[in-house]
Amino acid sequence: MSQVARSKGRIGFIAGFLVLPLALYLTFVIWPYVQTFGYSFTNWSGQSPTFDFVGLENYQALMEDEVFRGALWHNLLLLVFVPVITILLALFFAFMVNAGGRSGAGGVRGVRGSAFYKIVYFFPQVLSLAILAVLFGAVYRSDAGGLLNGFLAKLGLVDPVHPVEWLNQPDLVLWCLLLVVVWHGVGFYLVLFSAAMQSVPKDIYEAALLDGAGRAQTFLRVTLPLLWDSVQTSAVYLGIAAMDMFVLVSTMTSGQFGGGPDHHSEVMATVLMRNFLYFGKSGYACAMGVVMLLLTMILSIVTLRATRRERIEF
Amino acid sequence: MTTVIKAPGESAAERSAGSAGPGGGKPRSDGMVLNVFSHGFLAVWAILIVLPLVWLALGSFKTDSQIGASALSWPAHWHFDAFGRAWDKGIGGYFGHTLIVLAFSVPLTMLLGSMAAYVLARYPFPGNRIIYYFFVSGAMFPVFLALVPLFFMVKRLDMLNTYQGLILVYVAYSMPFTVFFMHSFFRTLPTAVHEAAVIDGASDTRIFFQVMLPMAKPGLISVGIFNVLGQWNQYILPSVLMQPQSGSDPERYMLTQGLIQLQYQMGYETDLPVLFAGVTIAMIPMLVVYLSFQRQIQAGLTSATLK
Numbered sequence: 001m002s003q004v005a006r007s008k009g010r011i012g013f014i015a016g017f018l019v020l021p022l023a024l025y026l027t028f029v030i031w032p033y034v035q036t037f038g039y040s041f042t043n044w045s046g047q048s049p050t051f052d053f054v055g056l057e058n059y060q061a062l063m064e065d066e067v068f069r070g071a072l073w074h075n076l077l078l079l080v081f082v083p084v085i086t087i088l089l090a091l092f093f094a095f096m097v098n099a100g101g102r103s104g105a106g107g108v109r110g111v112r113g114s115a116f117y118k119i120v121y122f123f124p125q126v127l128s129l130a131i132l133a134v135l136f137g138a139v140y141r142s143d144a145g146g147l148l149n150g151f152l153a154k155l156g157l158v159d160p161v162h163p164v165e166w167l168n169q170p171d172l173v174l175w176c177l178l179l180v181v182v183w184h185g186v187g188f189y190l191v192l193f194s195a196a197m198q199s200v201p202k203d204i205y206e207a208a209l210l211d212g213a214g215r216a217q218t219f220l221r222v223t224l225p226l227l228w229d230s231v232q233t234s235a236v237y238l239g240i241a242a243m244d245m246f247v248l249v250s251t252m253t254s255g256q257f258g259g260g261p262d263h264h265s266e267v268m269a270t271v272l273m274r275n276f277l278y279f280g281k282s283g284y285a286c287a288m289g290v291v292m293l294l295l296t297m298i299l300s301i302v303t304l305r306a307t308r309r310e311r312i313e314f
Numbered sequence: 001m002t003t004v005i006k007a008p009g010e011s012a013a014e015r016s017a018g019s020a021g022p023g024g025g026k027p028r029s030d031g032m033v034l035n036v037f038s039h040g041f042l043a044v045w046a047i048l049i050v051l052p053l054v055w056l057a058l059g060s061f062k063t064d065s066q067i068g069a070s071a072l073s074w075p076a077h078w079h080f081d082a083f084g085r086a087w088d089k090g091i092g093g094y095f096g097h098t099l100i101v102l103a104f105s106v107p108l109t110m111l112l113g114s115m116a117a118y119v120l121a122r123y124p125f126p127g128n129r130i131i132y133y134f135f136v137s138g139a140m141f142p143v144f145l146a147l148v149p150l151f152f153m154v155k156r157l158d159m160l161n162t163y164q165g166l167i168l169v170y171v172a173y174s175m176p177f178t179v180f181f182m183h184s185f186f187r188t189l190p191t192a193v194h195e196a197a198v199i200d201g202a203s204d205t206r207i208f209f210q211v212m213l214p215m216a217k218p219g220l221i222s223v224g225i226f227n228v229l230g231q232w233n234q235y236i237l238p239s240v241l242m243q244p245q246s247g248s249d250p251e252r253y254m255l256t257q258g259l260i261q262l263q264y265q266m267g268y269e270t271d272l273p274v275l276f277a278g279v280t281i282a283m284i285p286m287l288v289v290y291l292s293f294q295r296q297i298q299a300g301l302t303s304a305t306l307k
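First to last, the sequence lines map onto chains A and B. Each residue of the first sequence is one higher than the one before, starting from 1 at the first, in UniProt numbering. Each residue of the second sequence is one higher than the one before, starting from 1 at the first, in UniProt numbering.
If we strip away everything but chain B, and leave its shape as in the complex, we get (with noise of 0.2 Å):
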């Protein structure tokens, strides 16, 4: 028995006794040329991924006929000006009316879907299993198969170029992936707490709001990642129910929208630094963001892959 627990670390220490020695010199190069390799590959990646987006952002401090005549040419000054500019075109703006707009579904998504989650998962009546695939069955579908009545049904609500007919539309579309996602959690919490509450003589509400819910943070982190960037990155919904209705209606363009709006515009007016300066400040949150919470995110839209 002892031999068979000793063998593993027997042999790992007789085998960088050997690649020591200079008849054994084979199994450590290898490992130093695969090494020196494996580290290029990476490398030559992590360079394709951030130049891009560095040379986006020095485009921004460059003139218009600079970014036209050469692209590896260096910013001749460090003014901020197109930023300015791009902030008045509108960019302030669009990252209000985003913000408005996932102030309110965010929350929504996460409230309703976690509840409907909740009731599927926890309590056993007639229908549950039909009203949950109902809900999960809608994650398959392209949202392109909706779109032309989707278009109709919210005009009919009079709610096309309005933030609650945009919030509304979101937490509607995060249904079927918050659903799924809370109802595998919420199953995998363990039962005697909630047992334990009713006899305590708490109702099923409290239960949920008081004991269920804080039980489901992990969870509710998680999915809330993958609403919040799912709902700001979405650029399909709002380009088809957030155009002006009227001349008088004001522009309520989503950040996405607004970029698009801007390159166009840009375009002809034929000042690009301010369309990279208009990216680049639509970035810098993302980043801040991502490199406060990488590892939660990174974790939270990998698990909510898998799920």
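Okay, chain A solo, but in the shape it has when bound (with noise of 0.2 Å):
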């Protein structure tokens, strides 16, 4: 009886614990997801009550949308960039850091004032986007007043009556673009490499000097394999930023929600966001988003997948 009773309040507890975060979830989170499922199939505009159902129809306009097909082709530019450049930068600097300096009777040692490199190329990473919108705005303003064209104009590099318009060059801007997110993002990944490799025991490098590896050997035989789980998940992150960029695009560029020089910096979620709040394309903007969460699932399997090695315990 009492047995009975307390199952009887215990599912009460676990009802009256789960039913508030499931009800805003389903309500603002999954609710919404299956609808753009739904809406992807019609023609809504968003304003009016009604629409028609229209079937594959918004699928195969996106097919011929010679915009949007640009936008993927940037997406899948940054997807292959950003995580390279950013992982070895960060690598590169973490083994800095963490074995660049001298080498002493406890073998190799990290470089002094390594806490002090740590929290500044951190710093980045507590930034909002819509800072460094604006500081990489003034940076590679069009003019003598950008830090860029400012510091190349010194040096002789750059013409002071023809700067360079960074933001405006249909060949640069994506990869100057490209050049904020591995600002932003390299401190993060070095921090968190950093973390691996500490945790990394030090008689297995020991073992390695013993054997007379050199530094550059002890890197790529003993560390990489050892931190592979951490550069695994840092690239499916990684991946994930370059499929979206909309802060940055939208903001730092011409146009409607950005993609200027005449779409050339012109992204997934930027087509997105004009087709429904410009051009009042809902059905179609749902079409995007559908596209878009494929083509991130792909890339989280295809990830984890391709860089699959065996775990190493230590």
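Worth flagging that the hints you see were computed from the coordinates, not collected in a lab. Ideal Cβ positions, reconstructed from N, Cα and C, are used throughout, including at glycine. A few of these clues could be false.
Which bits of chain B does chain A cover? Going by a derived footprint, with three or more residues having C-beta under 8 Å, they are [said to hold, decoys possible]:
#1 44 to 53
#2 93 to 101
#3 122 to 135
#4 139 to 149
#5 164 to 172
#6 190 to 198
#7 296 to 302
Selected chain B positions facing chain A (Cβ under 10 Å, derived; list incomplete) [unchecked claim]:
#8 Leu157
#9 Leu160
#10 Gly224
#11 Tyr235
#12 Ala282
Covered stretches of chain A (in silico footprint by chain B; criterion: 3 or more residues with CB under 8 Å from a CB of chain B, positions within the stretch not fixed) [stated by the list, open to error]:
#13 187 to 193
#14 235 to 244
#15 296 to 306
Work from the hints to combine the two standalone chains into their complex.
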């Protein structure tokens, strides 16, 4: 009897603890996601309460949409270069911070001031993308007042009368944006990799040293394999960031919701928002959302599969 | 056995002795070269991080024409009036709006997230795994996917451009990660304490609030930092949900939105020092909080990523 009462009370307790979080999550997260799938098969404008079912028409239009295809290509470029550049730089600096110091009796040591470097490098991570957008908008200014132009002019690399219009050059704009993402991310992944490096027992390094391994060899044969898990996770996170890019593109480049000049910095997210909020093509925008979701899922699975190695326990 | 243990120490001593001698100078100088080399690279990157930030902050003391003329000029005078103008242009208000939202959204996120995570981690019941995966799967989806219907959902609830609307949306979108992280944390807590509390006759609710939550403090701090930063820096959700709905509807921009707004405005009004001062004002609290808690923030954010 008391057992029953107790388990009844327990059901009440479980339900009581779950009801609010679940209700909020269903209303604002799951239900909109489900609706997106539904709306992506309609010609809903967002303003009118009525809409027609149009089947796969939106998806067909998407395949023929030059702007969207260009945006997809830019996302794929970022998807390759953002993780590769950020991870390589972060690994390089993490190695320098942790093993770049003088070698003494105790083996390889970190550089002096490694704590200072980590504090400085990590700081961009706590800044909002909005701050980064204003900051780098000023750095990339198209006249001598921009930090980059001013600096390069001082070095004589840029003609002060005709400075480089970084964010208005079709072939430069995407790379300028990419550098902002790298600037923002390196410190975070450096700290992540450092933590992983420090959890590797010292005697493994000592053993490698005794066997006559140089620093480069130690890094490639010992450190990197032991860090592989962290590298893999980082690649997925950076890949997701590269699929997004909305804040930087929409605030730093020209055009309604960014993407300029002439769609040369367009990413899927900016095309989606323009279609939704500016052109009022909500159904079409939903189809783009579905494509983005599928790509993100494929990306995560492929990255985890492609980088799979035997896990090393230590 | 003893020789095995002694071997590394002996050999290390040999190495250092050898490198001190005339014949074995190589290992040490190799270390020196690398040391200079690594300091060089590290210093260059540190400058690349610090320089743009300091340059921007200096810009708030320059005049607009000075900013446009040359990037490498030094402020002619050290007046703080651009900061005052930036504050009047709305930065103060944007700060206030963001604080109001976070004052409710972060504690609510932590409370609801831990409650759900705790029940899912500690009480087996039919459907437990399904609900867990249901929560966690949300972390994978890009927010864009939900944006269009979310806007109309909030509109139907009559909560566009309201604090409560944004608070609830922030809580809902922070749920997947908070549940995921706290779930794994509650799993690692020892069961013995829980059992002792049950024997003492404490109710489930009381055990949660008085025993389990205090024990989960390190996890709560990590995920709390993650949520504060994530919600403070959020731009996409407020830029869609926090637009004035009519002429009489007051502006309730978040700080991130406000900065972008200020950027457009100052582009027309040609008063860039105000924009730079606004960004500097927005950065200062982040810098102060970061420097005071940098160890916890670094550990919190990185451990949150690796979980």
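Going through the earlier hints one by one, which of them does the structure break, listed in rising order? 2, 6, 9 and 10
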